[in-house]
Structure formats: structure tokens, C-alpha cells
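> Listed below, chain by chain, are the residues.
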Amino acid sequence: MRTHALSTPLTALAASELRSGDVAYLTGFLLAGREPAHRRLLEDLERGTPPVDLEGAVIYYVGPSPMTPQRPIGAAGPSSAWRMDPYTPSLLEAGVRATIGKGARGPEVREAMRLHGAVYLAATGGAGALLSLCVREVSLAAYPELGPEALHLLRVEKFPVTVVNDPRGGELYAAPDLDAALRG
Amino acid sequence: MRVIPSQSVEDAVAGLCVTANRHLPPDVRRAFLHRQAAESPLGRGALRQLLDNAELAGQLGLPLCQDCGLAVFFVEHGEDVRVEGLPVREAVNRGMVRGYREGYLRKSTCDPFTRDNPGDNSPAVVHFDMVPGDTLRISMMVQGASAEYSRAAMLDPALGAEGVREFVIRGVAEACRGVCAPMVAGLGVGGSFEWASLAAARALLRPLDRENPDPFLAGLEESLTQAVNRLGVGPLGLGGATTCLGVSALAAPCHPGTLPVALAIQCHSARRGQVTL
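Top line first, the protein sequences correspond to chains A and B.
The opening residue of the first sequence carries number 1 in the numbering used here; numbering runs sequentially from there.
The opening residue of the second sequence carries number 1 in the numbering used here; numbering runs sequentially from there.
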């Protein structure tokens, strides 16, 4: 297990050095969005007019709790990543180099990561307050009409993640050992 | 007959929603501390983050998790109590709506078909029990999406305890897809189909370090916890010895032709709280 300090945009070189099981701290900008923002992004990509530069972009799957008067964002832990699987290969092809969520990705996404040199990173599910503290600023990136599900830009400092899938096909999540549990 | 104004119920519920969402139950915190030693550096790191998260949530006035879930209440209504003003269910719902608004909690409820979200988390899910006495006890559980990996089944009675065991192990393994392990598992066995489901949820209200008063169930809980922990999923799915913080079971007699069983899953933070009026 190695520890990396990463910044955005995430270069192909920086991504290629990550291995599943490594820990990393991200500083820079994360695009934040879930299904509705992903659907719109894909539509815009098809038209050739993405609203933001996707080269080296890092997408964080998050639906924060409401903002309090004192903070730029509410609790902001990761959403389940599989929900975004149908949209992810096209976005990786368009230059997105990392995605952040919780839970395993499907085979198509893993294959697309290998093909495009991208990584999947896990943030700690349920650590909403802790992760919120790493978010310094929030702004709107695109699709204001989607309200809380719009595409946002988060400026983060030392956002803690674990590398789940690396560009070489490494996978951190093991399947539950049903045999061991049932046998004992 | 003791009289409690419905406003008191509303106020208590509003406060309960905020504290249950912001504060890790003390028994869960102790379980995280206790399990750290058994984990790899990654698993220990994850448990450390959850402990830090609990401290920060209180300090920052933020919920532990952005998924503030469905608000589920168990009301034990003393037979010598009369609530004056609004019906109890309505008072609980009003308190919940206020607590979720004033506590900056995320509103989750949506129409099952259209998925439209009314934006106030209503209606609260409220279960009532009439009990002897002159108090009103309200327990709350915050059920995020990872709680929805829960399941119920009618097993072939011939499968017996072994069938229940396999049902629990397979159910927890499936729940780990959501990766908010280590889970807490509530188990309802017997009764009727709907009794088992409610009992599984209600079992989750028992603190992790309070032993089951029924020695048979206490033994079952212990052996199920050990079996489930051999799944090796570990904290946040990073691999390791702690896939489940504990199993909590309730059982009741059932029809000889049936074996109802239900598994209620809670995420690692097992958010809950209780207030007695």
C-alpha cells in the first residue's frame, strides 16, 4: 500500500502509477454529479459540445445533504457507483480519468478503465461529515435546471480515497467468501 | 390517565431526528474501537475515518451521512396515557418534517411509481404498540438506502435453523454490494410473514453490547455473527475480519406449515435514538 498526493486534472502518467489498494489524497477540482447530470453530459458529448473540459477530469458521485449556513456543502459522502455504470465508458473515452464512489463497478466499466488508462477510487461510505470538510468551495458547472442534481464543481483539499480499480485491471473488492461462511 | 400534549410529541420527535442523524450511537462507537485491532491497515483506516466522522458531525452540525434516509418510528404507547391535540401519528410526522428541515437533513421519500420527491421526507413510517404503563416511548431508526438490502422469505419448515442460517449469510453477502459494511443485521424468525419483517427491524433497536435475554437466540446471534464475518468483506468492502458488527434476533411461534424469516440490514453507523415522554 502506497500513499499518493494527486492533483487535478489527473494526468495519464499519474493515473498509471496508481495500484489497487493504494491510498491517495486529491487536491483540485472534482466534477460532482449523478444520473441526471450524466445523462445530460452524454447528450452534449454526442453533439460534440460538452459544457466542461473532460480531459483528466475526476467525477465524484455525490448527493450532499442541504448546506448549513456555516459551510459550503452539507454531508458529502459517496453514492453507490454502479448506478453510473451505463454512462461511464463514454465519459472515460472522452477524457475523464477517475471516478469516485462506493461499491464495485461492472465489467464494462472495468474494461473501459483498462482501455483508457483510468482509475476508480472509493471514498468512505457514510463518512459524510469528514468528506464535507475536504470541500472548500462549491460552484455550478452546468445544467442548473437539474437543481440539486446539476453538475457541480467542488474545490477539494486532500480528499481521501482508496484505489479500487487501476489501469492494469487491478481490483480491490473481493467477492464475499460464501463457502467459508456457509461451511464453518 | 396521564395527558401528554401532542406538541410535546412533536417537539421530542423533531429533536430525535436531529440527534439520531448527527450522533453515532455509543455502542456502535465502542464496536468500531473494539474491531480496529483485528483489521488490516486499510480496514483500520476506514474505521478510523468513521470515528473521526462521528466526532466532526457533532462539531459541525452536519448529519453523519448525506443519506438521512426514511424516518422510521416505533411508538410504545402506554395504556394509561392520552395524547391531547393532534393524533399521535400526525404529531410524529410533523415533528419529523420539522426536524429534517431545521436539522439540514436530506429528504428522501419519493413516490414508488413516479419517483417524485415531495421534499419534506413525509410520511414518517410509524409503527404502534400498546403497552402497559403511563409513558410514551418513541424509538427512531434512520434507514438509508443500504437498509433496503433487507429481505424476507417463507422458508420450507424442514430447513429449520440451518435454513435460517443460510438465509442470513446469503442476505448479508448480497447487502455488502452497497459497501457500507460492517453491517448490523436484525433477524426476525417465526410469527407471521409481516410479524417477522417488523421484528427484524425492531431487533435493530437493541444496543450491540446488550445480550439477548433468550439464551438460544443469544447463541444463534453469536454463531451467525462469526459465520458472516468469515465472508471477508471487511470494513467498507476493503477486506478483513469485520463484515458484521452484530446480529440481533427476535423470534415468535409460527404455523407448523411455515417458517417466516426476515433480515433487516443497517449500515455500519446504525443510526437510531429513543425518547421517553
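These are calculated hints, taken from the structure and not from any lab test.
A couple of the hints might just be wrong.
[As the list claims (entries may be wrong)] Some chain A residues well away from chain B (every beta-carbon gap over 10 Å; in silico):
| # | residue |
| --- | --- |
| 1 | R19 |
| 2 | E93 |
| 3 | K102 |
| 4 | R114 |
| 5 | T162 |
| 6 | D177 |
[Unchecked claim] Lysine to any residue pairs mimicking SDA-like chemistry, simulated, CA-CA at most 20 Å apart:
| # | chain 1 | residue 1 | chain 2 | residue 2 |
| --- | --- | --- | --- | --- |
| 7 | A | K158 | B | R44 |
| 8 | A | K158 | B | G45 |
| 9 | B | K107 | B | R89 |
[Stated by the list, open to error] If you want the footprint, here are the derived chain B segments under chain A, 3+ residues with CB under 8 Å:
| # | segment |
| --- | --- |
| 10 | 74-86 |
| 11 | 124-136 |
Values in this document were obtained by computation on a predicted structure and should not be read as measured data.
For glycine and all other residues, C-beta sits at the position ideal for the given N, C-alpha and C.
> Are three or more residues of the segment 124-136 of chain B within 8 Å, CB to CB, of chain A?
With 0 residues closer than 8 Å to chain A, the segment 124-136 of chain B misses the three-residue bar; violated.
> Does T162 (chain A) sit more than 10 Å from chain B, CB to CB?
violated, 6 Å
> Beyond 10 Å from chain B, beta-carbon-wise, is R19 (chain A)?
Check passes; 13 Å lies beyond 10 Å.
> With a cut-off of 8 Å between beta carbons, are at least three residues of the segment 74-86 of chain B near chain A?
violated (count 0)
> Keeping to a limit of 20 Å between CA atoms, is the pair of K107 (chain B) and R89 (chain B) held or broken?
Holds, because 19 Å separates the two Cα atoms, which is no more than 20 Å.
> Can the restraint linking K158 (chain A) and G45 (chain B) be considered satisfied, given a maximum Cα separation of 20 Å?
Measuring from Cα to Cα gives roughly 15 Å; hence the hint holds.
> Does the claim that E93 (chain A) lies off the interface hold, with its Cβ farther than 10 Å from every Cβ of chain B?
holds, 26 Å
> Minimum Cβ separation between D177 (chain A) and chain B greater than 10 Å?
violated, 5 Å
> Decide, holds or violated, for the assertion that all CB atoms of chain B are farther than 10 Å from the CB of K102 (chain A).
The claim breaks: K102 (chain A) does not keep its Cβ more than 10 Å from every Cβ of chain B (closest is about 5 Å).
> Would the non-interface assignment of R114 (chain A) survive a Cβ cutoff of 10 Å against chain B?
holds, 21 Å
> Compare the distance between the alpha carbons of K158 (chain A) and R44 (chain B) with 20 Å, and conclude whether the hinted pair is satisfied.
holds, 19 Å
Against the hints set out earlier in the document, violations occur for numbers 3, 5, 6, 10 and 11.
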